[in-house]
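Line by line, the protein sequences are chains A and B. With the numbering used here applied, the first sequence corresponds to residues 19 to 552, in that order. With the numbering used here applied, the second sequence corresponds to residues 19 to 552, in that order.
Some clues are possibly wrong.
If chains are identical, the list can't say which one is meant, so a pair holds when it fits in one copy or spans any two.
Here are the computed lysine to any residue pairs in the SDA-like style, where the Cα-Cα straight-line distance is at most 25 Å [claimed, not checked]:
no. : residue 1 : residue 2
1   : Lys497    : Val373
2   : Lys442    : Leu527
3   : Lys36     : Met377
4   : Lys48     : Ala173
5   : Lys529    : Glu146
6   : Lys497    : Pro32
7   : Lys36     : Gly415
8   : Lys120    : Leu59
9   : Lys48     : Thr387
10  : Lys529    : Val303
11  : Lys36     : Tyr416
12  : Lys475    : Gly403
13  : Lys48     : Arg358
14  : Lys442    : Val373
These are calculated hints, taken from the structure and not from any lab test. Computed from a predicted structure; not experimentally measured.
What follows is the residue order along each chain.
There are 2 protein chains.
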Amino acid sequence: MTFIPPPDQEHHSPLLIKQLLIRSSLVSTKQEIISGSDTRLTYAEFNARIGRLANTLSSAGICEGKRVGVMDWDTHRYLECFFAIPMMGAVLHTINVRLSPKQILYTINHGQPDLIIVHQEFMPLIDEIQSGFERDITIIPIGDGVGYEDWVSGATANYDFPDFDENQPATLFYTTGTTGKPKGVSYSHRQLLLHTLGVVAGFGAYPGNSGFHRGDVYMPLTPLFHVHGWGFPYAATMLGLRQVYPGRYSPDLILKLIASEGVTFSHCVPTILSMVLDHPDCTQVDLSQWKVIIGGSALPRSLQDRAEAMGISLHAAYGMSETCPFLTVADLSSSDPEIRAQTGFPGPLVDLRVVTPDMRDVPHDAATTGEVVVRAPWLAQGYFGNLEASDALWSGGYLHTGDVGYIRENGSLQITDRLKDVIKTGGEWISSLELENIASTCIGIKEVAAIGRPDTKWGERPVLVAQLAEDSDPDLVRKNVLEEIQSHVDSGALSKWAVPDTIIFVNQLPKTSVGKLDKKAMRQDILSRLNTNT
Amino acid sequence: MTFIPPPDQEHHSPLLIKQLLIRSSLVSTKQEIISGSDTRLTYAEFNARIGRLANTLSSAGICEGKRVGVMDWDTHRYLECFFAIPMMGAVLHTINVRLSPKQILYTINHGQPDLIIVHQEFMPLIDEIQSGFERDITIIPIGDGVGYEDWVSGATANYDFPDFDENQPATLFYTTGTTGKPKGVSYSHRQLLLHTLGVVAGFGAYPGNSGFHRGDVYMPLTPLFHVHGWGFPYAATMLGLRQVYPGRYSPDLILKLIASEGVTFSHCVPTILSMVLDHPDCTQVDLSQWKVIIGGSALPRSLQDRAEAMGISLHAAYGMSETCPFLTVADLSSSDPEIRAQTGFPGPLVDLRVVTPDMRDVPHDAATTGEVVVRAPWLAQGYFGNLEASDALWSGGYLHTGDVGYIRENGSLQITDRLKDVIKTGGEWISSLELENIASTCIGIKEVAAIGRPDTKWGERPVLVAQLAEDSDPDLVRKNVLEEIQSHVDSGALSKWAVPDTIIFVNQLPKTSVGKLDKKAMRQDILSRLNTNT
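One chain only, chain A, in its complex shape:
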């Protein structure tokens, strides 16, 4: 007898997004999904609506292999699209509405959707770019309380979602790098399933209430078109959590929903948290039960202090568009602000290394930096239709994050910089993040970025670009910041090359479409201005 178990793969269960609904459709039928200030669904209704949307799309000609674009705020409708579209075997193209009209047109022509569901607020944009569409695309205009409901209401709730190959693509979106055109990133059903399990295992299983758990009330504050809202909507639905979708982000509605629905778990970039904390209603709302995962950019210490003073439990996490996105998360059970702000520990199955340019591991000494490279079962296999960029991404068999960091002896990662944002002066690497962190705590600084200015002698020299707080005296602030940085040099924490040559004050720091500091723009615009002025 030959030893070939299993005897067959006849009963092999492919990993498909529909499986994420199995548990909540049995167990959480009465649990609620809240959307904006008006909509309240049970999971039973949510499941029925997914079937109805699939039948409606089917009538509109959508079937396996077709693509459906969505341009909407964070609503229950978008969550329904997260499931119905891939479960039909079609591909969900989450269109980034914050890109420029030209970039949006580019992503639509590159992604080739057959149909786009468009919130009425984006219809003027569609009118503007529609003449540039390179194929026939059905546009379905929807809105809050109108359009979408009429569109799906006629359809039956029963839809027999088929089994198919788990490697079939489920989602597609475009990421804007610092150079070149937006690049398409696609994830398969298998990758999204494994990522969801990875998120639950990586953010759950913590003692106390510190992790992401069945008692949480979840509200995304990362747009659903950003790497599937960082994957948490899938995880929350699998666990059958009470979920709250805030629509278009407005701090007063966000605060109202936190209070009225008892939101306990969110995730966002620092800018959004800032926006919420800046709102006058903020002091009226009890935020002491609110856990917030910060990603997308480093967590500025000043924002962390402010949030923690209000009782918010803040932790950093790390990932990127190409990584689905979960890679690491700070120790969620720690109340130490230093530890909470760490880039953190790799999630389950995440093979994370910090390496030299020739791919050798750096020592885990909390000091030696290198590039962060990763393997995991949910990483993008490359960029859609861009083999050259795909090969660069996966050079040496690991996905290259482009981020620079070190690993502590306990295995915790610290990102110190973007590879392209490191300031190289006199043969030393200066961390722009470290300079920004020190400067951000100085009185009079509202927001600050450190960039490298080309220098014939030193290669580069650090320069700070900052927005002043209201009623601050630029000369005084400049003096304070430079003294503060000098004190870090004096204590030995910073290299003496790290003291910036100058601080430039601007009205507003340039940002990318996802709210990150746009250092490319700063280097171009501000440095050219600086060169002119000096």
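Fit chain B to the known structure of chain A by using the hints.
Frame of chain A; chain B shown alone:
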């Protein structure tokens, strides 16, 4: 341009057991694994030992596709085998040492191992059956502190564990049904990886400390040869938990380890918990931080009451050899004894149905029973080399558990019986579990089973088989039990057909090798005796 993302599968990560070690080998290097009263390893040492074992096995001729049997108690050595053997591409055959010598010989000849690692306590057994081996098998005798260490100590710790197809078999073991020969069940790397993620997602992510979390200290009390210790050793290692392996189960060492190592999480069948609670040292140990998952058999209410009186947090879970095993778990955050004892909620990705013989779903009304059938990405594809039994197992595209139960409106499953143990009387189904539960709470009853006795008029009639508590009067106990059951009939909770015709007292209830009530033996032996006597 054709739309075929992902552009290639070149960077596809297969789901392999070695990935479970990635996180703890980076993060938990100083965390401890304790084995018995003498051995204490860090994860760094544990990882090195896995490499050493693989090199040792390699020198002994083991390579991809070979099979390695293990006969050992629950030790760090066994845990090392859990990883090293499948990670080499070989198959780990976990030999059930509690079977009869004839059955063990059968499973060895059927499973075809090339090498067996044997604890010295089982060497007499090997000597007894060795002449029946149908192939050359290398026997490696080991022991506590001897043998194994000498065997592996010469090897280097570096072993380059290869990538291979995730569907390759990783483990093999034999399950003893109620009829016929032991049947081989095999799991692939993919299945074990997904099961591990399912266990962490299903037993973790609970509020408070009620779930399985990073702060737990884990000790298995289900032998590692029983469905991989229910999969928890893999889950604990992935999370990098402090782990405690108790060797051969002895209540005093178990209690000592709970106290000295601060054990907080275990799992076992009711018999083992009973054994621990019966030990005189039990009252000297603080068990109030101990969470215990009970599976394998229904949780008797009397045992639950006893355990909870000692502060133990007890919850039921459900699965079987053919399901890897995790299927359901009671609500871990509940402190209500009724809810804690429920068969519970399906784990993530578990598609669980209760169906009529023609596979239609029964209503979820907490009353209508049917057979429990399941699909999940970690179920056995069939029995190794037994197509007929495999086809029966998967009849209708779902795995048939052979268990009877109902589903509550909130989605919680309740197993009421084994399909073959249901007592059918006068066209009514009587739950033997329900009768056992009532009888077990009566004073004077130590252990009790309900079985059906063939009856020409009624089809079957219920009979209780019981072991008396010490110094109990059989006539008085019989009278009390029947009155107690009658009171449940009077209150409408039980059908009037459910009152047993008689109660037979025996010195010891027959058990299967895994400690379950052996109703097949009871029906054969006791009923024949009953028929002779009456």
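Hints, verified against the model:
| no. | hint | result |
| --- | --- | --- |
| 1 | Lys497 to Val373 | neither (38 Å within a copy, 76 Å between copies) |
| 2 | Lys442 to Leu527 | within (22 Å within a copy, 78 Å between copies) |
| 3 | Lys36 to Met377 | between (39 Å within a copy, 21 Å between copies) |
| 4 | Lys48 to Ala173 | within (23 Å within a copy, 58 Å between copies) |
| 5 | Lys529 to Glu146 | within (24 Å within a copy, 77 Å between copies) |
| 6 | Lys497 to Pro32 | neither (62 Å within a copy, 56 Å between copies) |
| 7 | Lys36 to Gly415 | between (31 Å within a copy, 17 Å between copies) |
| 8 | Lys120 to Leu59 | neither (37 Å within a copy, 60 Å between copies) |
| 9 | Lys48 to Thr387 | between (50 Å within a copy, 23 Å between copies) |
| 10 | Lys529 to Val303 | neither (29 Å within a copy, 60 Å between copies) |
| 11 | Lys36 to Tyr416 | between (30 Å within a copy, 17 Å between copies) |
| 12 | Lys475 to Gly403 | neither (41 Å within a copy, 75 Å between copies) |
| 13 | Lys48 to Arg358 | between (35 Å within a copy, 21 Å between copies) |
| 14 | Lys442 to Val373 | within (18 Å within a copy, 68 Å between copies) |
When the structure is compared with the earlier hints, violations turn up for hints 1, 6, 8, 10, 12 and for no others.
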